[in-house]
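Asker: Work out the full structure, taking the sequences as your base and the hints as a guide.
Residue numbers (my numbering), protein chains in the order written: chain L, 186 to 408; chain Y, 31 to 612.
Don't take each hint at face value.
Pairs of lysine to aspartate or glutamate residues, derived as DMTMM-like cross-links and limited to a Cα-Cα distance of at most 20 Å, are as follows [as the list claims (entries may be wrong)]: (1) Y/Lys100 - L/Glu237; (2) L/Lys236 - Y/Asp115; (3) Y/Lys505 - Y/Asp400; (4) Y/Lys100 - L/Asp294; (5) L/Lys244 - Y/Glu247; (6) L/Lys380 - Y/Glu247; (7) Y/Lys218 - Y/Glu513.
Hint data in this document are derived by calculation from the structure and do not stem from the laboratory.
So you can see what is in the structure, the chains are spelled out below.
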Amino acid sequence: MDRRKSLKAIAVGTLAAGVVAESCKLSDKKDETKKETDSADASKFTIDRAKEEIERDTKLMSQKFFTEHEMATIAILADIIIPKDDVSGSATDAGVPAFIDFIVIDMPDHQTPMRGGLRWLDMQCLQRFDKPFKDCDQKQQMEIVDDIAWPKKAKPENAQGVAFFNLMRNLTATGFYTSEIGVKDLGYAGNSPNKWNGVPDDELKRLGLSYSEWEMKNCAKYD
Amino acid sequence: MGDLQIKKNPKQYDAIVVGSGAGGGMAVYTLAKAGLKVALIEAGPMYDPRKNQTQFKNPWESPRRGASTKFRPFGDFDACYHGWDIDGEPYTKKSGTQWDWWRARMLGGRTNHWGRISLRFGPKDFKRKSIDGLGDDWPISYDDIKPYYDRIDRMLGVFGSNEGLENDPDGIFLPPPKPRAHELFIQKAATHAGVKVIPSRLSILTKALPDNKDRGECMFCGQCNRACSVAYADFSSSSVLIKPAIATGNVDVYPNAMAREVLTNAEGISTGVAYINKDDMQEYQVTGRVVILAASSCESTRLLLNSKSKRHANGLANSSDVVGRYLHDSTGAALGGYLPQLFDRKRYNEDGVGGMHVYSPWWLDNKKLDFPRGYHIEYWGGMGQPAYGFGFGIESMNGKHVVHGKQKEAGGYGASLKEDYRYFYGASVGMGGRGEAIPVYDNRCTIDPNVVDKYGIPVLNFDVKWSEHEIKQAKHMKETFKEIMHEMGAIITWGGDDGPENNYGLESPGKIIHEAGTARMGNDPKKSALNKWNQAHDCKNLFVVDGAAFVSQADKNITWTILALSLRASEYIIDEMKKKNL
Chain L
186 MDRRKSLKAI AVGTLAAGVV AESCKLSDKK DETKKETDSA DASKFTIDRA
236 KEEIERDTKL MSQKFFTEHE MATIAILADI IIPKDDVSGS ATDAGVPAFI
286 DFIVIDMPDH QTPMRGGLRW LDMQCLQRFD KPFKDCDQKQ QMEIVDDIAW
336 PKKAKPENAQ GVAFFNLMRN LTATGFYTSE IGVKDLGYAG NSPNKWNGVP
386 DDELKRLGLS YSEWEMKNCA KYD
Chain Y
31 MGDLQIKKNP KQYDAIVVGS GAGGGMAVYT LAKAGLKVAL IEAGPMYDPR
81 KNQTQFKNPW ESPRRGASTK FRPFGDFDAC YHGWDIDGEP YTKKSGTQWD
131 WWRARMLGGR TNHWGRISLR FGPKDFKRKS IDGLGDDWPI SYDDIKPYYD
181 RIDRMLGVFG SNEGLENDPD GIFLPPPKPR AHELFIQKAA THAGVKVIPS
231 RLSILTKALP DNKDRGECMF CGQCNRACSV AYADFSSSSV LIKPAIATGN
281 VDVYPNAMAR EVLTNAEGIS TGVAYINKDD MQEYQVTGRV VILAASSCES
331 TRLLLNSKSK RHANGLANSS DVVGRYLHDS TGAALGGYLP QLFDRKRYNE
381 DGVGGMHVYS PWWLDNKKLD FPRGYHIEYW GGMGQPAYGF GFGIESMNGK
431 HVVHGKQKEA GGYGASLKED YRYFYGASVG MGGRGEAIPV YDNRCTIDPN
481 VVDKYGIPVL NFDVKWSEHE IKQAKHMKET FKEIMHEMGA IITWGGDDGP
531 ENNYGLESPG KIIHEAGTAR MGNDPKKSAL NKWNQAHDCK NLFVVDGAAF
581 VSQADKNITW TILALSLRAS EYIIDEMKKK NL
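Answerer: Next comes the structure, spelled out in C-alpha cells:
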C-alpha cells in the first residue's frame, strides 16, 4: 500500500495537524512508529502504550511505597522463598523486590497486608530475639519463617503470619516466574513464531493419548 | 469555549459509517471497494498492531507482568483500548438490575482482541419462536444468509471441520489445528459424558488465503488477543478490512471522533452525523447520502435515542418504541482446576492458535430439558506464557499431591518449592459455557434523563434482569462441566461450589460482551426498528449493521453473523443507490 496515500486518508480533519505533518516528514525513516506515540517517556516501554498509559505508568513507576527497612526485609524473604538452586538464580537475581515494590503501587489492595505483615514479622522477632527480622541471624530468621510457612501445621496464634507469608510467597513466585530467569526455569517454550504439528509423539505415548485417523488426515500439517 | 462553534465539513460523502468494528469495517470495506466515498467516524485512535505491538512480548516487558488495568481490563498485553469503565463516560443502571457494558475505543474496536470464535447461526436459530414459542422469528432464514457466510469464510478465513450438523452448519474451512494434550483428555472425557467435541471454528489462517497477499499464515503464538502484528493472520477489522479499504483512496477516517447524533432534515431523512473531536474538543458535522451505524449495539442505540427531531420525536427510527428493548447478552458460566495426568510434563511449544483447538456445539434436545435454547462449551488449559497470578495458591496444591515420589507439607519455601512450581506447571484446565438468552421486551436501555457524559451527550440507563431460563441453563452448564472434569480425573479448584444463591455462577448480563437486540429487524414496522436489510423502517437512508439488528443471538458468538449481515446490507445499499432509491 502507498503509505503516503494512506496517511493522507488517515489525516483528514481530526488528528492535530502537527502530528500528521510530523508523521509525513518521518515517513521515510525506519523508526517512525516511536515518534507517533508522541512522548519522550514512551522510550521506557517496549510494548504498545497509549498516551494515558504512558502517563499513568510513568507516574506509578516514579513512586515508592516501602521504606528501605521494609525493602531489605522483602529481599531476605524473597530469597528464602526462591533461592538460587541448580536450575536457576534467586528471587533477587530476578529483580523480585523491585517488582513487589511496583505491584503494591499498581494494586493498592496489597499495601496494608504487606506493610502490616512485615510489621507483624518484626514484632515477633523483637519479642523473641530483640531484633527486627532483617537483623536476626539466619537461624533465627528460619525459626520464625518455619512458624508461618506451613499453613496446615502452623499454630493458630500465628495465623496472621501465615496469611502474610502466603501473600509474600504468591508475589515472590509471580515476580520470579514472569522474569526472564523464571520463564527459562519453567521451560516455557512459546512466544515465538512456530508451527503446531500436535503433541510430540513421545509425550503423546507417555500420556496414553493418540490422534484419531481423522485428525491425522485432516488437521493442519507443516513441514 | 469562547469561540465554540459547529464546523461543517464541505465534503459530501456517499456514506458515513459510525464505528469500525466487525459491522462497520465490513461496510466500509464493501462500499469503498465499490468506489463509494466513505467517511468513517471512530471514537478512538488509529490502531495497527504493526505499530502498536504487544505480540511476541515477554511478561517482564509489562511492569505489572500482564495484569489488567482499567485501560486494559483483559491484561496489559491485550489489544483492546478501554473496557468496563471509561473516565468521563458513565452509564447508569436501574436499582436492583445488572448490566456491565464493555466499550472499546480504537480503530477496529473489539475485533482487535476478540476470541475469533466464528460460528454460523443455524437454520433453527432464525426461527426460534416457531420452535419454542419464545422471542421472535427473524425476517430472514438461513438460506438468505448462507451465501454471505460462504463469502466471508473465503474472504476472511476460518478453520474448522464439516460435521454435517443440523444447526451448526458446515462452512468453507481451512484445516483445524490438532488438539493440544489437555484437549485430547477433554475430548475423551466429554465424549464419555455424552458431550460432542469437534474442532473449533476460529477466524485464524492456519493456511494462507489463496488470493490475499496482505495476510500470512498463523505463527502459533497463541496471542490473537494481542492482534497479529506480523502476519495479520487473525481476523481483526482494523488490519483485514479497514486497512485495505483505506488503500482504495475512497475512505476518510475521522479518529477520536465521538458521535453525538444522526442529523435529519424536515422530511425525516438522515443527512449526516454530528460528532465531537476529542483532540480539539470542537464540534463537527459531516454529511452523506447514507448513514450506517455500527458503534456497538448499545452505542448505536444511544445515538438513535439521542437523535430526536420533530419527525422522530421518540428518537430516530423508533416509532415502534423497540429501540433499546430486547437487550440481551450470551449467558456464561465457567469452572476450572487441574489435571494430575499433566504434572511433570515434557516442555514444548504448546501455544497453538489464540484460543481453543476443540469445542462443543450444543448437543441436546430442549424437549427433554427444563430450559429453552442451548449453549456451546469453550475449553482452555496447558502451558501458557506465565503472567501476573502465576503460582498463586501453591499451598492448596503442593500438600495434596506427591511430587517426584515425595509427599510434602503444604506451603513451604526454598529449592523444594521451586521444584513444585515446575512440577505443576501446565496442568491447568477449564471450561466455560456460552448460551442463548431469551430477548425480553422489558430488558432495555433508555436515555438517562439526568446524566450526561463529559461531552454533554446524554448517557444510557440499563434495566436488564436474567430470567429463570438463563439461570437453569447455567445450572445445567455447571453439572455438565463437573461431569467432564470428574470423567477425566481433574481436580476442580474454582467455580465448583456455585448454587442457587448465586444463580449457579451465571455471569451478570453484559459480562460476556455479546450485547445484541436493541434495534431488531423484522417485517412489521410496529414491532421492529429495521427491515430485513438492516434498513430503518422510519428512515430509508439509515442502516444499523452491528449486533443491535439481531432478533436473537443463538448459542453462537455473533461476530460472523454481524459480518455476513453487514456485507449483505452494504451490497443492498450499493444496489439501491444504483437504482436511485437512495
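Asker: Hint numbers the structure violates, sorted upward?
Answerer: Failing hint: just 5.
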